[in-house]
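S.K.: One letter stands for each residue in the lines below.
There are 2 protein chains.
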Amino acid sequence: MPDSLGQLTASETVEIIATGQASCQEVARACLKQIETREPEVGAWAHCDPELVIARAAELDRVGKKGPLRGVPFGAKDIIDTFDGPTEYGTPIHQGRQAARDAACVALTRRAGGILMGKTVTTEFANVSPGRTRNPHDLTRTPGGSSSGSAAAVADHMVPLALGTQTTGSTTRPASFCGVFGYRPTYGDLRMSGVMEVAGSFDTLGILARSIADVALYRQVLLGVPPHRLAKEPPPRIGFCRPYFWDRLPIDTRSLLIETADRLASGGAEVEEAVLPPELEELESAHRWVAGFEMARNLTWEVENRFEMISEPLRSGRIKDGLATTYERYIEMRRLLVSCRQAAAPVFERYDLLLAPAAAREAPVGWDPVPDPWVHMLWSALHVPSLSIPALKGPKGLPMGVQLIAGWNRDSQLLSQSAWVYQALATTAWEAV
Amino acid sequence: MPDSLGQLTASETVEIIATGQASCQEVARACLKQIETREPEVGAWAHCDPELVIARAAELDRVGKKGPLRGVPFGAKDIIDTFDGPTEYGTPIHQGRQAARDAACVALTRRAGGILMGKTVTTEFANVSPGRTRNPHDLTRTPGGSSSGSAAAVADHMVPLALGTQTTGSTTRPASFCGVFGYRPTYGDLRMSGVMEVAGSFDTLGILARSIADVALYRQVLLGVPPHRLAKEPPPRIGFCRPYFWDRLPIDTRSLLIETADRLASGGAEVEEAVLPPELEELESAHRWVAGFEMARNLTWEVENRFEMISEPLRSGRIKDGLATTYERYIEMRRLLVSCRQAAAPVFERYDLLLAPAAAREAPVGWDPVPDPWVHMLWSALHVPSLSIPALKGPKGLPMGVQLIAGWNRDSQLLSQSAWVYQALATTAWEAV
Chain A
1 MPDSLGQLTA
11 SETVEIIATG
21 QASCQEVARA
31 CLKQIETREP
41 EVGAWAHCDP
51 ELVIARAAEL
61 DRVGKKGPLR
71 GVPFGAKDII
81 DTFDGPTEYG
91 TPIHQGRQAA
101 RDAACVALTR
111 RAGGILMGKT
121 VTTEFANVSP
131 GRTRNPHDLT
141 RTPGGSSSGS
151 AAAVADHMVP
161 LALGTQTTGS
171 TTRPASFCGV
181 FGYRPTYGDL
191 RMSGVMEVAG
201 SFDTLGILAR
211 SIADVALYRQ
221 VLLGVPPHRL
231 AKEPPPRIGF
241 CRPYFWDRLP
251 IDTRSLLIET
261 ADRLASGGAE
271 VEEAVLPPEL
281 EELESAHRWV
291 AGFEMARNLT
301 WEVENRFEMI
311 SEPLRSGRIK
321 DGLATTYERY
331 IEMRRLLVSC
341 RQAAAPVFER
351 YDLLLAPAAA
361 REAPVGWDPV
371 PDPWVHMLWS
381 ALHVPSLSIP
391 ALKGPKGLPM
401 GVQLIAGWNR
411 DSQLLSQSAW
421 VYQALATTAW
431 EAV
Chain B
1 MPDSLGQLTA
11 SETVEIIATG
21 QASCQEVARA
31 CLKQIETREP
41 EVGAWAHCDP
51 ELVIARAAEL
61 DRVGKKGPLR
71 GVPFGAKDII
81 DTFDGPTEYG
91 TPIHQGRQAA
101 RDAACVALTR
111 RAGGILMGKT
121 VTTEFANVSP
131 GRTRNPHDLT
141 RTPGGSSSGS
151 AAAVADHMVP
161 LALGTQTTGS
171 TTRPASFCGV
181 FGYRPTYGDL
191 RMSGVMEVAG
201 SFDTLGILAR
211 SIADVALYRQ
221 VLLGVPPHRL
231 AKEPPPRIGF
241 CRPYFWDRLP
251 IDTRSLLIET
261 ADRLASGGAE
271 VEEAVLPPEL
281 EELESAHRWV
291 AGFEMARNLT
301 WEVENRFEMI
311 SEPLRSGRIK
321 DGLATTYERY
331 IEMRRLLVSC
341 RQAAAPVFER
351 YDLLLAPAAA
361 REAPVGWDPV
371 PDPWVHMLWS
381 ALHVPSLSIP
391 ALKGPKGLPM
401 GVQLIAGWNR
411 DSQLLSQSAW
421 VYQALATTAW
431 EAV
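Heads up: the protein sequence lines correspond to chains A and B, in order. All the letters of the first sequence, read from the start, carry residue numbers 1 to 433 under our numbering. All the letters of the second sequence, read from the start, carry residue numbers 1 to 433 under our numbering.
Worth flagging that the hints you see were computed from the coordinates, not collected in a lab. These numbers were taken from a predicted model, which means no experiment stands behind them. Backbone N, C-alpha and C define an ideal beta-carbon position, used for all residues, glycine too. It is possible that some hints are incorrect.
As the list claims (entries may be wrong) - In silico BS3-like pairs for lysine-lysine, Cα to Cα no more than 25 angstroms straight-line:
id, chain 1, residue 1, chain 2, residue 2
1, B, K320, A, K65
2, A, K320, B, K66
3, A, K320, B, K65
4, A, K66, B, K320
Said to hold, decoys possible - Quick look at which bits of chain A chain B covers, simulated, 3 or more residues with Cβ under 8 angstroms:
id, region
5, 319-328
6, 383-390
Next comes chain A alone, as it looks inside the complex (with noise of 0.2 angstroms):
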């Protein structure tokens, strides 16, 4: 049994312990076991103090504390705050930096009796310059980023959830490259106390776990409300989407999604090519610009302090970028993204789930945390809850995922109507490591 614990889902894992199969200690010894043979290949964790781990274990046991995340163990992507280890942002500038308090997310974590097993790698203040990881399923590729850690940590059985944060693709990305399922939650839902600010006119966190009732069960935990069970649903109405940036996709990815959009009308989904309006297409420069903006500033300290330990790369682009931009260029900008969310409502009210790609490709050949970012610009913007499925193969044997998005605010119905199509893609589903 003890060495079968590290497979388990965290519902699974919560289910053990509640029935006395295996102690919190066991659970989390597992995982180390797992850390210790993987992490010199893998480089999932930024920190990681496994006598530490065992204490937290050791005392849930103890106490006996009861909590619908009992005994789980989860990694926390770098840039998100914890009170007993560090959180250094992917940067050498904040090498030993100790924050005082969780960031809120983190700590409603423990409330429900999650083990912190450290925090994940991120690249560079969740930004373009890579860390050390690299993907489990091969390590010459990218695991994708930011949330780079938290996807290959959860991919490779280190831990069954792990916490990311989303400015652009930064969660569904790794989690498609990582063959995990990666959620990005509706804009605004799930609070950012404690976690660093990239661009705060997108940031959300992001959850990276191996099923989607475990991704049901983290977000209610992080909501602070009780949970509940994934609602059963019928087949979905699924808008099948080719969005403007389609012809710039890779024919194998264009092939592989329109199979599975045919696969799920087969399946008994009501499947219909979605029309988004014509000015969607602007979102993507309005994010850049925005983002661009935002992020400049919000490493001021950096750049004022400390501009020869911040990365080329983020010098030379987005930081350089983002200072040019003029104040008119980015209300400009956010007008725009206010009014092509309102264009874009009647979509979601005519579909349950739009289908899109979750990257553009299997994980490319090399570090390139970031690539095509131009897939998830659109559904940042809009600030819409989204889920990667680990549903593809990609043409090298690689998971990819699918992406599906729902409307503002209806992430409860997401979750259980993604569980529907994940089930009817099953007999293709990508199996994790």
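With chain A held as given, fit chain B onto it using these hints.
M.R.: For chain B alone, coordinates are given in the frame of chain A:
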């Protein structure tokens, strides 16, 4: 000259330093002298290290660094991180808490040449329990909160500028009570990186100052854009607003506002009774539910680990209510917020400025820092910019503000047109202490 240096506005300070009439050190010493004299009674500062202040000013004199706020002393509310001194959130729980980096707003102020004088007193977690600050106009009265120390310090000539924040009325209320200008920007405009989240759906920065020109200058510094002068404006179209809570205002306040509207009309403005869509009445409870839900979750770490150190009013009020709020109620209220913002848009097309109370009354006797929150909820919920201008005198002879509100992202015009209003009311304008 040095004795009066502390009386200057920020714009005047910049001028006098740029022309060599005073050094940064002399200005800083003048402010420190005022703090030394008055702080035992006023209690505006959570932390002020005179030696460090002098060292910063001396360094600025030495390097001769240019900047639009060169040599201007400023305070920062004690929920805003600074890398070189404590940030304690107005609670003994975080006594001695030390951040690793400046909040974006502090770094931007220093980049512009501002000299951090220290941290100003906030209510506990920027919530309902007062700090030790007293109203500099009458030490038996509250300065208002939660940006209590920032408003009192500016009013009492301890600094020409201070950073506050606002979730409900935490900048405009103390500005009104203390007789200074209090600006709340369009939601999302000014970066919150490094600022404690109270309730993310409403939180903004706030600026406390002694002139509108200073507010405009500081706003541009915080936006990270090149500063330019306030535009000279013709008389604005003013909507005199008697919102749904009009009947709850004391008769004196109503009379003062009616008189103000009359005087502006006599001065040449187009003044008309503004009719708000009736559904905006619901914003009061929407603000209450949403803010409560978010605040309670943001304080999870403290609730779990330091419960006994949280004040009783916060524990048994916002936290208890917030934790009891269901997600369904939270989402229903967030939807309402969105629809009310759309419903309010035509009102802001029709008028340049709305004229409304900045507080229900002059500062009351005693220490309740947040009386009559219903005066503020409407505007904070709408995400529109507003400015409290110290133009009135209450029945006890204490300062009272008038609140001017503009449409989403019309901050520049709000400030330039408010300058017209302030000028038109100048003969009855309240003078700071």
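S.K.: Are the hints correct? Go through all of them and say.
M.R.: Tested hints:
no.	hint	in the structure
1	B:K320 x A:K65	holds (21 angstroms)
2	A:K320 x B:K66	holds (20 angstroms)
3	A:K320 x B:K65	holds (21 angstroms)
4	A:K66 x B:K320	holds (20 angstroms)
5	319-328	holds (count 3)
6	383-390	violated (count 0)
In this structure, only the earlier hint numbered 6 is contradicted, and the remaining ones agree with it.
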